Structures are given as C-alpha cells and as structure tokens.
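Number of protein chains: 2
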Amino acid sequence: MKSYLDCIPCFLRQALEAARFATSNPTDQETILREVLAFSAKMNLNDSPPRVGQMIHRRLRELTGNEDPYLQVKQKFNNLALTMLEDLRGKIKKAPDSLELALRLAITGNVIDFGISANLTEEQARQEVEKTLQTPLNANIKQFKQSVNHSKKILYLADNAGEIVFDRLLIEQLPTKKITLAVRGNPVINDATIADAQTAGLDLLVEIIENGNDAPGTIIEDCSPQFQQKFHQADMIISKGQGNFETLSDSDHQNIFFLFKVKCPVVARHINAPLGSLQLYHNKEHS
Amino acid sequence: MKSYLDCIPCFLRQALEAARFATSNPTDQETILREVLAFSAKMNLNDSPPRVGQMIHRRLRELTGNEDPYLQVKQKFNNLALTMLEDLRGKIKKAPDSLELALRLAITGNVIDFGISANLTEEQARQEVEKTLQTPLNANIKQFKQSVNHSKKILYLADNAGEIVFDRLLIEQLPTKKITLAVRGNPVINDATIADAQTAGLDLLVEIIENGNDAPGTIIEDCSPQFQQKFHQADMIISKGQGNFETLSDSDHQNIFFLFKVKCPVVARHINAPLGSLQLYHNKEHS
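So the sequences go chain by chain: A and P.
For the first sequence, this note's numbering begins at 1 and goes up steadily by one.
For the second sequence, this note's numbering begins at 1001 and goes up steadily by one.
I should point out that these hints are in silico values taken from the structure, not numbers from a laboratory.
Certain hints may be false.
Claimed, not checked - Away from chain A, derived, C-beta distances all over 12 Å, residues of chain P:
#1 A1015
#2 S1040
#3 L1085
#4 E1123
#5 E1210
Said to hold, decoys possible - In silico contact screen, one side only, chain P against chain A (beta carbon under 7 Å); selected entries:
#6 L1005
#7 P1009
#8 L1016
#9 L1033
From a predicted model like this one, the values you see are computed outputs, not experimental measurements.
C-beta atoms are modelled at their ideal positions from N, C-alpha and C, and glycine is treated no differently.
Just chain A, with the same shape it has in the complex:
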C-alpha cells in the first residue's frame, strides 16, 4: 500500500509522540521532528507508511543512544497478556468454534501498538479483549481453515510484543509442525523480536526466524535472504498487524491472510472497511 497525503500529518504526530516517549530532551525532540519534515518533503508516496516509521525510529535510537526505547513497555504488555493466557485458553477450549475465537483474540491483540499511539494503557488493552469476546468475527473462516489444511509450509509474521502472546493462542489451534514464526530482526517501536517470542513460549512450539530488518512492517526487499526464501517457499502467509498489511498488500504471493485491526482512516478507506474493525483479509480475494 502506498502512502497517502493524509498519512503525512499523521507521520508528524507519530514522530512527536515517539520522540516524547523516547527522550525528555526538547532539542532531540525538535531535531527528529525537523528531520521527519525534511524527509517527508521529499518522500516517494509510493513507499508504504512503515518506511517512514522505520526512518523515524532509527533516528530516534541514534539520537538517544537507546537501542530499544520500548523495552519496558514490551515487557509490561507481554506480562499483561501472559496473565490472561490461561483464562483465554479455557474460553477457546469451550467455544463452539475454537479456531474462530482464537483468530478473534489474535486479531484483537493487535491493539497493543505503540506506533499508532504512545499512550495505550493496560486497562484499554483489557477492555478491547472483553469487547472481542462478545463480537463474532465477520469473515470467511472456512477459507482460512482450508488453506491451513492444504498448506505444507505456513509462515506466520508476528507484529507486536504483548500481541505475540495472543498469537500463541492461535498457533496452538494450528498444526505447529507446518509453522515458522518470523519476528523483526531488530527492535523498532514495540514490535516483537526474538526475545518476545521466547517470553511468549513460542520457541517451544514452532520454528522461529528473524526477518533481518527493523521496519515496523515487512519490506520484503530489505529482509534477509533467508527470510525472503522462507517467504517465497511458504504456501500460506499469516500476516499480523497493519504495518505488515501496509508493506505486503501488493505482494505477488498468492496466499496471504492479513489479520489486523483497522487503526486509521486511510487504511479503512483503502480496504473499504470500518475504522476499528477486525480483519481477516485475503490478498487475492481483493486484488
């Protein structure tokens, strides 16, 4: 997905929020904002929004000398999700369609996104989960199930820390031997890295790889050759989050299921879906 003119004021707002999150130094805050302005003035609108997120957060890490400003917040939301794990697993077990509820919860976990807002509270995350438990997923789950059954190699692209614990609930409902889980190669915002996958206990269930890149999405040409090979060899991609959607929505891959929450008006308009809705969106069904 390309960037729209409406993304630009939002990049600036996100940059300022992120700068304030990462540093209390007003000079650093101003520097990063001015750099994002200069970068955006020349940016190619054919680039996807996560390309700008990548630039913002690389510079923030350089300026602050902090390689992982969101480390604490990642741990906090991993821990929050872990306290909910056992209870939700029980609910999934008892549900009339366990996979359907696990899908819903995995998509809901996508609310834990500090790229969209640096002010998310644990209480808000809990409320989102409660809401999800009441609302069925309006999507073609049969197609998803068939694809899982027919595929030999499934690549699961994680998105955020915290959220990755909810991914575990879904992965537990899937044939784990077929699955490789991919995380970011380096810290960016609160996106999940290998440490978060381990905290979620996913290393005991599935193969885990890093994608070799630090974009808050999957810019395939920037990822490692190993990741690219996994991506192209997979019969099915399960892609979590809006950042992975924005970077992979135009991919040539024939079978990507995008699981995400619609978090901004631009994406809502792009896919003609309500803001805030939960999506199980197949790439070739809409192309």
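Dock chain P against chain A, hints included.
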C-alpha cells in the same frame, strides 16, 4: 506567541484541508503539502503560527490562480450572521448587562474560522450562538468598560468574515466615534477584508482601515506604516480571534484586550484556560 512542536502536525493538517478546499487538483495538493513540509523543517519556532498560515495560503493562491478561494464561504457566513442580527440586537437590548452579552456574542462569532477547520457548517455556527446565549462570560468586564471610557482612540482588530457581523453588535454598544476598525489588507482564509466590513454595515458606524498585510493575524512589522501608526497611537486595542492573539500576545502595547475562543490545545496550555472557552484576556494582566 511562539510556535510549539505540537503546532507542526497541525500546520500540515491545516495545509491539507486548505489545499482540498481551494483546489481539487491532487498535484497542487501534493505540491503545497511538500512545500509546507520543507518550510516547517527550517522554520524558526519563535515565529508565531500565523506566519506559517500566511505562507500556506499565499502559495495556495499562487498555485490555484484564485486570489480569494474563500470568497463564497465568506459571503455565506456574512449572510447567515446578518439574518441573526436583528434578533440578537433585541436580546442585547433587553439583557441586564447589554455590553456583557454583546461581548459574549462577539467572542462567539470567532467560531467562524476556516483556518482551524475547513468543514464548519452553518448549523454548527448557529448552535454555538445558542450555547453562548446560555453561558455568562467569566471575565473582568468592569476593567474593559473602564478602559473604553478612559480611552480616546480605540483600535478594533477584526478577524473573520461572518464574525464581523457579530463585531457590529459589540461596536454598537461602544462609543463609535473613538473607534477605528482594522481589517486584513488582502484576502487570507476567511479573514475579513474591507468588503466584509462594508457588508456588515460597519462603514456607516466607524472609520475602517486595512492593515496592509495578508497574515491570518497581525504581524505588526509587516503591516503598513499607516496601520502601525494607528496601532501605536491607540490607547486601547480590542483584538479579535486566536490569530491576532498569537501574533500580538508579546506586543509592547500597554492595553490590549484579546477577545477569542480557545480553539487549540496549544493555546489552551499557553494561557492555562480550557479548550473551547471564551476569553476576554488583557495582555498586561497576564504578563
């Protein structure tokens, strides 16, 4: 008032809204947005926000070849306000404190501001007036009355079209012989020019001058020598609107009453007042 980092995402949002208001050509919309980005990357934060507004709207007029993109909207809101004039004049006459109600209505008229949002409807403007009729002004009106009585020369700085009809209601309560009304020297957004003052019938009541500039505020050093002289010779300035406040809040003039609605969180924080509140704010009381 200087610009804050929080103003910058807002400048971009305003530029995009204004571009969409002024032209349906996406290339022009993109051009103006990129220019505002480049300008903002280098801007001096000691400049007041209307300096950026001035730049945005100058370039929009150049790009579109339209010298007054807001002409129709100015006429529409002048007409709306004129239809309300007789009724409101009656209410002011019957009010226990006529000047107090006239002040309130003049400040409320400040809601008619296409710089803040290009989507204001007539219905919203009507609702604001209705709300104001119910809410007393929490301000030192005695000081204002005394200043009017003691001053020999009062300079009244108008802000927007539509709003200027509400200014007439206030001016009718003041000693008109002492008053000079100043309007913008050139069209910018929906700010009032000489034509709007005439539409409001103010040329029959008071002397009217142009300020010789096209900023959506009063950048005193850019105004005509005639205007500057009037400004410095006046014993009292009545300054309407947030743009005039942002450009004159640090003025050396000893006696400025700022009448405006607090329309953004940055100004609210700057003066420590609630967003949306009506202000009758004396410069030297707060300095």
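Notebook entry, point to check: Taking each numbered hint in turn, which are not upheld by the structure, reported in ascending numerical order?
Noted result: Of the numbered hints given earlier, those the structure breaks are 1, 2, listed in rising order.
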